[in-house]
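Colleague: Sequence order for the protein chains is A and B.
If you read the first sequence in our numbering, its first letter stands for residue 1, the second for the next number, and so on.
If you read the second sequence in our numbering, its first letter stands for residue 1, the second for the next number, and so on.
Where hints are given, some of them may not hold.
Pairs of lysine to any residue residues, derived as SDA-like cross-links and limited to a Cα-Cα distance of at most 25 Å, are as follows [unchecked claim]: (1) Lys268(B) x Leu70(A); (2) Lys168(B) x Tyr266(A); (3) Lys268(B) x Phe262(A); (4) Lys265(B) x Phe57(A); (5) Lys268(B) x Phe8(A); (6) Lys246(B) x Leu70(A); (7) Lys176(B) x Pro129(A); (8) Lys375(B) x Lys334(B); (9) Lys92(A) x Asn223(A); (10) Lys375(B) x Lys246(B); (11) Lys265(B) x Lys92(A); (12) Lys246(B) x Lys92(A); (13) Lys265(B) x Phe199(A); (14) Lys265(B) x Gly61(A); (15) Lys265(B) x Leu70(A); (16) Lys334(B) x Val94(B); (17) Lys268(B) x Leu94(A); (18) Lys169(B) x Tyr271(A); (19) Lys265(B) x Phe8(A); (20) Lys265(B) x Tyr3(A); (21) Lys181(B) x Leu166(A); (22) Lys268(B) x Asn223(A); (23) Lys246(B) x Phe57(A); (24) Lys265(B) x Asp182(A); (25) Lys181(B) x Asp64(A); (26) Lys246(B) x Ile202(A); (27) Lys265(B) x Ile145(A); (28) Lys268(B) x Gly61(A); (29) Lys265(B) x Asp273(A); (30) Lys168(B) x Leu126(A); (31) Lys176(B) x Thr58(A); (32) Lys265(B) x Ser123(A); (33) Lys268(B) x Leu126(A); (34) Lys265(B) x Ile229(A); (35) Lys268(B) x Ile132(A); (36) Lys268(B) x Tyr271(A).
Simulated from the structure, these hints should not be mistaken for laboratory data.
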Amino acid sequence: MEYFLELFLGGLTRGSIYALIALGYTMVYGIIELINFAHGEIYMIGAFTALIFASVFTLLGFNDLSILLLASLAAVTWASAYGYTIEKLAYKPLRKAPRLSALISAIGMSIFLQNYVLLAQTSDFLPFPRLIPHFSFMDPIVHVIGSAELVILITTAVVMIALTLLIKFTKLGKAMRATAQDRDMALLSGVNINKVISFTFIIGSFTAAVGGVLIASHIGMINFYIGFIAGIKAFTAAVLGGIGSVPGAVLGGMVLGWTESFATGYVSSDYEDVFAFSLLVLILIFRPEGILGRSTTQKV
Amino acid sequence: MKAKLVRFGVFTLTALLALAMSAGVGAAEDIKLGVAGAHSGDLASYGIPSIRAAELVAKEMNARGGVLGRQITILTEDDVCKPEVATNTATKLVSGGVPVVLGHICSGATKAALGIYNASNVVVLSPSATNPALTQSGDYPNFFRTIASDDAQARLEVDFATDRLGLKKLAVIHDKGDYGKGLAEFAKKFIEESDKAEVVLYEGVTPGAVDYSAIVQKIRHSGAEGVIFGGYHPEASKIVMGMRRKRMGTVLISDDGVKDDTFIKVAKEYAEGVYATGPRDTSQNPLAIKAVKEHQETYGADPGAFYLNAYAGTMALLNAIEKAGSTDYEAVTKALRSEWVETPLGKISFDERGDAIGVGFSMYQVRNGVYIEVK
């Protein structure tokens, strides 16, 4: 039972890491039906920015908490600027083009950003400072959860709730939903869709950067490639939960995390990915729209 | 094609020169040293350094009056690292009358050629063929090498864990890659054969995964006292950080993929006490410094791969002939196994199977943020 609980919480942590990144994917998809493959790279750039600022602030002698806050702030701002620019450069000109063009543009952006960081920084792994202060819990709990894991769990929950509230109850959220339903009609009713889409990208990049800072701080190292690997898993989570749905992304992340954790714990970690992707195939066969996704008629 | 012609020209010239020199000395017949390996093609960069090493050693020996009063001439044959060419190469060298061969370079080519040498009583010493079976199969009593075999790290890790640390329960974890998994398979085999410990867990982890908490829990519940990890430092540091944060004192023993300063920088205080095997340090060896300097002076560049292994190998071969007093097969192999010789790799001799003693890997441990060799 203790073992089960440990695996359950381990899966929960891993799942909330996926969920934190998946939230951005699903937001952007929900609004403009574009799979933003560069999302993983935004996450990576967020982590790099935090690393650079944290190093500078450490040299200046700031205390731990203010380093965490200032570095996160810098990472979030910088990553949002990237998200905004990417949308303007790579997706906006293609908004009227076939959807495949925008997808290819997204993949191209992802490759470009990876190589840009590879050349501008390094291909090696860089140590990432432990921004989340480490404190140990009492004896039975210490084996199950650490402070970094707890912070990630809480952040994911907070971000999910905030996004849901934003979409449901604010004016911007209403404009987002309108844009998602019918872009032309929204435009006719006076919604500034350019602004709405820009905002969507900024919010998506914001969550990715938060994820980047927390996860890099938990793992303790980053390189230019972390965005790709995390992005693929987060994308799987988003599809699993129903792409376009905010609670779906979180649930998808959790399900994926638990599957992997239990597969490792009770079978073998050799088959961790086999189980994860078999589950994805099964869910897509029986519920093509994902666990919490709404079925929509395909627009041709 | 042009490069080949030029190279051919160079070879003929060296051969002619060697001939001219030997003619000058007259009297005693020369000792022919065969050098076989990839001297052209994709893998030439692995083979050329051994020709240069052999030439430099031979030049120095000849200047000192040769071995047993006889000059040394070098016979090179190219096998382009292909097994099907290597048999031909071996036949040519055997019919050229060489008693000893430095080579071949690639394990596959070496294996193909060894039967021919064995049948003709020719001693073969490779500076680079790492396939374990070459020495361990016992099929080739004429084979020696100055490089550690592929399983040497696993052997060292297992011996260290069971004999030095006295661990009884070991988990063997790898990263599913060729290097890590190959090493883990050897480690598992050695533990099972030794009967000194048992393998309580054998698994592969997915490299690059965001979190290893599940495998860390599994290690904890398996009751392992030590983990032998085959793979590279990013995974090793995630595993060790996971274990230490969960207050597990489990010993981590890994390989030269982890014996990297980045590992210490990333895992910081959690890296303390981690063991990793790594190549024995030869940079302070005066003979190694001299060998590298000779190469730089003669060829105007830093030596390539396996240069020091080839240099040491040539020294060991010539030393054995000198000690044996002849180029007789039985006497030379016996001398290789019994005589110690100072080389750029340190003081070496060969064991029964033909592996060099004193060459290869050492165990290192992280102490106060640096890897220190464990004596």
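Colleague: For every hint, state whether the structure bears it out.
Modeller: Verification of the supplied hints:
1. Lys268(B) x Leu70(A): Satisfied, since the Cα-Cα distance of roughly 23 Å is no more than 25 Å.
2. Lys168(B) x Tyr266(A): 23 Å, holds
3. Lys268(B) x Phe262(A): Cα-Cα ~30 Å, so violated.
4. Lys265(B) x Phe57(A): It holds: about 19 Å lies between the C-alpha atoms, which stays within 25 Å.
5. Lys268(B) x Phe8(A): 28 Å, violated
6. Lys246(B) x Leu70(A): Roughly 29 Å separates the two Cα atoms, so the pair is violated.
7. Lys176(B) x Pro129(A): Violated - the C-alpha atoms of Pro129(A) and Lys176(B) are around 28 Å apart, more than 25 Å.
8. Lys375(B) x Lys334(B): At roughly 30 Å apart (the allowed maximum being 25 Å), Lys334(B) and Lys375(B) break the hint.
9. Lys92(A) x Asn223(A): The given pair, whose Cα atoms are some 29 Å apart, is violated under the 25 Å limit.
10. Lys375(B) x Lys246(B): Measuring from Cα to Cα gives roughly 30 Å; hence the hint is violated.
11. Lys265(B) x Lys92(A): 42 Å, violated
12. Lys246(B) x Lys92(A): 48 Å, violated
13. Lys265(B) x Phe199(A): Roughly 38 Å separates the two Cα atoms, so the pair is violated.
14. Lys265(B) x Gly61(A): OK: Lys265(B) and Gly61(A) at ~20 Å, within 25 Å.
15. Lys265(B) x Leu70(A): 23 Å, holds
16. Lys334(B) x Val94(B): Roughly 21 Å separates the two Cα atoms, so the pair holds.
17. Lys268(B) x Leu94(A): 47 Å, violated
18. Lys169(B) x Tyr271(A): 24 Å, holds
19. Lys265(B) x Phe8(A): This hinted pair is violated, its Cα atoms lying about 31 Å apart.
20. Lys265(B) x Tyr3(A): Judged against 25 Å, a Cα distance of about 32 Å means the pair is violated.
21. Lys181(B) x Leu166(A): 48 Å, violated
22. Lys268(B) x Asn223(A): OK: Lys268(B) and Asn223(A) at ~17 Å, within 25 Å.
23. Lys246(B) x Phe57(A): 30 Å, violated
24. Lys265(B) x Asp182(A): Measuring from Cα to Cα gives roughly 52 Å; hence the hint is violated.
25. Lys181(B) x Asp64(A): Not satisfied, since the Cα-Cα distance of roughly 40 Å exceeds 25 Å.
26. Lys246(B) x Ile202(A): Roughly 37 Å separates the two Cα atoms, so the pair is violated.
27. Lys265(B) x Ile145(A): Answer holds: Lys265(B) to Ile145(A) is near 24 Å, not above 25 Å.
28. Lys268(B) x Gly61(A): 20 Å, holds
29. Lys265(B) x Asp273(A): Answer violated: Lys265(B) to Asp273(A) is near 29 Å, above 25 Å.
30. Lys168(B) x Leu126(A): Status violated; Cα separation ~36 Å.
31. Lys176(B) x Thr58(A): Distance of about 38 Å is beyond 25 Å: violated.
32. Lys265(B) x Ser123(A): 16 Å, holds
33. Lys268(B) x Leu126(A): Status holds; Cα separation ~12 Å.
34. Lys265(B) x Ile229(A): 22 Å, holds
35. Lys268(B) x Ile132(A): 15 Å, holds
36. Lys268(B) x Tyr271(A): 31 Å, violated
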